[in-house]
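The C-terminal residue of the sequence shown carries number 560 in this note's numbering, and the numbering is unbroken.
Don't read these hints as lab results, they were simulated from the structure. Take these hints with a grain of salt, some might be off.
[What the hints assert, rightly or not] Okay, derived cross-link-like pairs now, SDA-like style, lysine to any residue, Cα gap no bigger than 25 Å in a straight line:
(1) Lys414 to Gly475
(2) Lys545 to Leu469
(3) Lys254 to Glu301
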Amino acid sequence: MTARDRSFDGLLDLFDRPVASRAEVIEKALRCALQISDADGAVALVANNRALERSWLRTDGSPLETSAVGRPASEFGRMLLKALHPIQLADTHDGRSGAQDCCPGVESGPALFAPLRHKQQAGGYLAVYRTRGSEPLSVEQVKLVTFLGAWLTLALENVRLAESVERLAVTDDLTQVFNYRFLKSALKREIKRAGRFEQQLSIVMIDVDNLKGYNDRNGHMRGSLLLREIAGLFAQQVRSWDLVAKYGGDEFTLILPQTGREGAMVAAERMRAAVAGHTFPLAPPGSITISLGVAVFPVDATDSLSLIRASDVALYEAKRNGRNRVESFLERAA
Numbered sequence: 227m228t229a230r231d232r233s234f235d236g237l238l239d240l241f242d243r244p245v246a247s248r249a250e251v252i253e254k255a256l257r258c259a260l261q262i263s264d265a266d267g268a269v270a271l272v273a274n275n276r277a278l279e280r281s282w283l284r285t286d287g288s289p290l291e292t293s294a295v296g297r298p299a300s301e302f303g304r305m306l307l308k309a310l311h312p313i314q315l316a317d318t319h320d321g322r323s324g325a326q327d328c329c330p331g332v333e334s335g336p337a338l339f340a341p342l343r344h345k346q347q348a349g350g351y352l353a354v355y356r357t358r359g360s361e362p363l364s365v366e367q368v369k370l371v372t373f374l375g376a377w378l379t380l381a382l383e384n385v386r387l388a389e390s391v392e393r394l395a396v397t398d399d400l401t402q403v404f405n406y407r408f409l410k411s412a413l414k415r416e417i418k419r420a421g422r423f424e425q426q427l428s429i430v431m432i433d434v435d436n437l438k439g440y441n442d443r444n445g446h447m448r449g450s451l452l453l454r455e456i457a458g459l460f461a462q463q464v465r466s467w468d469l470v471a472k473y474g475g476d477e478f479t480l481i482l483p484q485t486g487r488e489g490a491m492v493a494a495e496r497m498r499a500a501v502a503g504h505t506f507p508l509a510p511p512g513s514i515t516i517s518l519g520v521a522v523f524p525v526d527a528t529d530s531l532s533l534i535r536a537s538d539v540a541l542y543e544a545k546r547n548g549r550n551r552v553e554s555f556l557e558r559a560a
C-alpha cells in the first residue's frame with residue numbers, strides 16, 4: 227500500500243466512525259492529520275464560547291492535551307485567524323511565527339496551517355508540523371489537510387448544534403433551568419441511586435409569593451422576566467450537583483442528592499434569603515419572596531410522586547403560615 231493510499235484510508239476511517247463529543251472530534255481530526263501528512267505534531271486552535279482552545283497531539287505516543295489560550299501573541303498568529311486559505315511555512319523559526327504558533331514538544335520546521343471557518347467567521351486553524359530539517363508537505367498532503375480542516379469545521383458545528391438541541395429538549399424556555407419533563411426522569415434516577423447506596427435525598431418545592439399582584443401591576447411580560455431573574459438567583463445558591471427545575475407556572479423544584487433534612491433546610495433557607503434580599507425591577511424591597519417545602523427520601527416518601535406530594539404539602543404549610551418561610555413535611559406531620 228502506498229503512502230497516498232494510507233492517507234486516503236485515514237480520511238475514510240475518520241468518516242466511517244461516528245463521533246459524539248467535541249473532544250472526540252478534535253482528537254480524531256488530529257490523529258488523522260498526523261497520518262495523512264507524515265507530521266510529528268498537530269494542533270487544532272478552535273473557538274469555544276468566545277474563547278480560544280488549543281489542542282495538540284504528537285507522534286511520540288503522548289496523549290491529547292488541551293488548554294485555553296488568549297488571543298494570539300504574534301502578528302502571524304493573528305493573521306492565521308483571518309486567513310481564507312492554507313498557509314505553509316518552510317521553517318517556523320523564520321521569525322514570522324511565535325512560540326504559541328508551534329506545537330508543544332516538537333522542534334518544528336515545516337508547518338501547514340489550514341483555516342477553520344464557518345459562515346465566513348474565523349474559527350481557528352488545523353496545523354501540522356514536521357521536525358526541523360524535514361521536507362515541506364507535498365501538494366497532495368496540503369490538499370488533504372485542508373480538506374480535513376473543512377471536515378473538522380463542519381463536525382464541530384454539528385456537535386454544537388446537537389448539544390443545543392439536547393439542551394433545548396431539557397430546558398425551560400423562559401427560565402433556562404431544567405424543565406418538568408427532565409425533572410421527572412432526574413428525580414426517578416436520583417431516588418434509585420439514593421436507594422441503592424442507602425443515602426438520603428431531599429427535594430424542595432418552591433413557589434413565588436405575590437406573583438399575581440406583580441403581574442397585575444406590571445404585566446405578564448415583566449412577570450416572566452422576574453421568574454427568569456429568580457431562577458438565576460437559585461442557580462447561584464446551589465451546588466454543582468444539585469438540580470433546579472421548573473415545576474409549574476410559578477413553581478420550581480430543587481433536587482438535593484446526598485442531603486438529609488437538616489442540610490435541605492439550610493439550603494432552602496439560603497435560597498429564601500437570597501430572593502427576599504434581592505431588589506427586583508418595579509417591586510418595593512422585600513415584596514417578592516418565596517415559600518418553600520422540604521421532603522426527604524426515604525423518610526417522608528419512597529417514590530418520586532409521593533415525594534413531590536410531600537414537599538407540596540410542606541409548601542402549602544409555608545403559604546398558610548405567612549409565606550416567605552421554609553417548612554418541612556416531617557414537622558408538619560408531627
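Going down the list of hints, with the structure as the test:
1. Between Lys414 and Gly475 the CA atoms are separated by roughly 22 Å; this keeps the pair inside 25 Å, and the hint holds.
2. Between Lys545 and Leu469 the CA atoms are separated by roughly 23 Å; this keeps the pair inside 25 Å, and the hint holds.
3. Proposed proximity of Lys254 and Glu301 is contradicted: the alpha carbons are some 29 Å apart, above 25 Å.
In this structure, the one hint that does not hold is number 3.
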